[in-house]
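> Throw the hints in and build the complete structure from the sequences for me.
Read off the chains here:
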Amino acid sequence: MEIRREQLKIDLEKCTACHRCTLACAMKHHGSIDPRLSRIKILEFREQGLNMPVVCMACADAPCMNVCPMNARKRTANGSVVTDDEVCIGCRACVYICPVASPAENPYTGRTMTCDMCEDDESGPWCVKACGSQGALTVCRNDTLVTEAARRQALRFKRMCF
Amino acid sequence: MKIVIIGNGIAGNQVAFTLRGQRPDLHICIISAEGVPEYDPCSLPYFLGGEAEKKDIFRKTPEDYIRHNIELVLNNRVVSIDPEAGTVTTDKGLEIGYDKLVLAHGGSLFIPPIEGINNPGVFSCKQLSETEKLHAHKGSRAVVIGSGAIGIEVAEALKKKGYEVYVIEVLNWILPALFDEPTGQRLGEALREYGIHVCTGEKVLRIKGAHGVTGVTTDKREIDCDTVVVATGVVPGTALAKTAGIETSRGIQVNLRMETSVPGIYACGDCVETIDACTGETAMFQLKHNAIEQGRIVAENILGKDKNYQGAHAFARAHFFSTHAATFGKTIRGTECLLGKTEVIEKENGKNYLRVILLDGRVIGGQAIGKYADIIGLLISAMWKKEDINLMKHNWKTLSRTRNPGKFPMIRLGHIFGFGV
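Those protein sequence lines, which keep their order, are chains Y and R.
The first sequence begins at 1 in the numbering used here and counts up one residue at a time.
The second sequence begins at 1 in the numbering used here and counts up one residue at a time.
These are calculated hints, taken from the structure and not from any lab test.
Keep in mind the model is a prediction, meaning the values are calculated, not measured.
Quick reminder that beta carbons are idealized off the backbone N, C-alpha and C, glycines included.
Any given hint might turn out to be false.
[To be verified] Between beta-carbon pairs, the in silico distance windows are:
id: 1; chain 1: R; residue 1: Lys351; chain 2: Y; residue 2: Asp121; range: 23 to 31 Å
id: 2; chain 1: R; residue 1: Cys337; chain 2: Y; residue 2: Pro107; range: 41 to 49 Å
id: 3; chain 1: R; residue 1: Gly233; chain 2: Y; residue 2: Pro35; range: 39 to 47 Å
id: 4; chain 1: R; residue 1: Gly361; chain 2: Y; residue 2: Arg5; range: 34 to 42 Å
id: 5; chain 1: R; residue 1: Gly264; chain 2: Y; residue 2: Pro35; range: 54 to 62 Å
id: 6; chain 1: Y; residue 1: Leu43; chain 2: R; residue 2: Gly245; range: 54 to 62 Å
id: 7; chain 1: R; residue 1: Phe417; chain 2: Y; residue 2: Arg5; range: 35 to 43 Å
id: 8; chain 1: Y; residue 1: Pro35; chain 2: R; residue 2: Tyr194; range: 13 to 21 Å
id: 9; chain 1: Y; residue 1: Gly31; chain 2: R; residue 2: Lys305; range: 41 to 49 Å
id: 10; chain 1: Y; residue 1: Gly49; chain 2: R; residue 2: Phe417; range: 16 to 24 Å
id: 11; chain 1: R; residue 1: Arg221; chain 2: Y; residue 2: Asp61; range: 27 to 35 Å
id: 12; chain 1: R; residue 1: Glu281; chain 2: Y; residue 2: Pro107; range: 35 to 43 Å
id: 13; chain 1: Y; residue 1: Arg5; chain 2: R; residue 2: Gly340; range: 25 to 33 Å
id: 14; chain 1: Y; residue 1: Leu43; chain 2: R; residue 2: Lys385; range: 13 to 21 Å
Dropping the structure here:
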């Protein structure tokens, strides 16, 4: 299994659904602030007070790469899985198979799009910058996300037992 | 060690390139009955309809094989296998020796026994050469026999090319293997709205015409047409396996390591009969994602890693014009022989329709049209996790307040099912 080199760490407790990341994402990739063009979506469950950012997880064994009839889903050098716009025909197979339902359909072209971690910008993903001091989105490099998750889990376990 | 792979399809290439990725020293040879590098049969209807260019349907270029040092024997159909001597013989008289053999020759199109089926105006859309013939054919009225996934995609492609299209299905709804009747009826209605004539519960009796098709006779009507496309399903190619004395039933029989009854011969792709990942019964899902997974397992086992195959699952989508539908797992028809209590959850909202099939509370299949199709992936993950939906409903109050990210897909699903209200 290959560990993704860059991952977005999402802290739900800190997300207020201000949608700055959505606007930044649409701005970065399409040059407009149309939220439908964003690759990160925020689901709001008001009654539970839960805001859930949904973004492509770039699964190690990505099912979307297997089901795409045009083989348009490709893994890039930084580990993200992106849709090749030249080849995609908008059949939405990747949307259906996705276990987190993350690929979004571009309403103008009908083709799907997912997070590429803004790989062509050396200063990092725009959504993270837009989130800023809120800190709901941060970038984890190499396997730090896994280590952090393990540490957090260990802390919870310790609090529970001792 | 020399690995010979029969078939240059998705499964065969997956085996070859997985092996090459891990072992640069192996001698890998692919024997193909066709004369082109690996292409994707799923994209052929899109090539036919003009949505994709010909270069986009290929998954590999001839240079890829040279660069990865994979020997390619094209235009040679393997006719017999001799496991004692360890050789295969092709129709051109070529004899190739092997240490390990992989059968990945897939299936062939099922040709229904209809009068006039060999008419030159009858086409199919399973192989590139056949599709190119249909692409070059000039006609105005087409009859598509069979309404499987290929049949519907071909009907859409021909409609886009300006044909008057008839789809003829012997069962009472379209896409009968993938969708249940309520979903199939809705999709049939949608197809009719786009101007395609859908004739269900009808049987083709005769294809008329001597040098080219002039019409089709069914048990209900006469249709004038100049093109017929056969899309009646794929039968696994078991004849070749029988020459080696390999056990076959509907498809080639394999064990969990994808090895056939003859040691040293593996099989993967459309030609094998495998188990259903969800229910464990014998099943055949001739779909691309299963072929890729099986190819990987074969490659690992050839390298001696002893990996077990987890089973195949159905996942397909029906996409025509602006209607989007998806299906996975079992249909209610497929659960008739299963023990346990089956339930169906249905949700309808205008043109959007969701149908989830539960066995003892667990998701084992689902179908969706429109908006609901976008979240069908959550149901697929619920199927893999074997989540009990009734238990989820019971625990909804505590579940919905959890902050465990692993439960979030289930929370979204709960909201869609309406447990929150």
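> Let me make sure I understand: some of the numbered hints might not hold for this structure. Which ones are they, in numerical order?
1, 8, 11, 13
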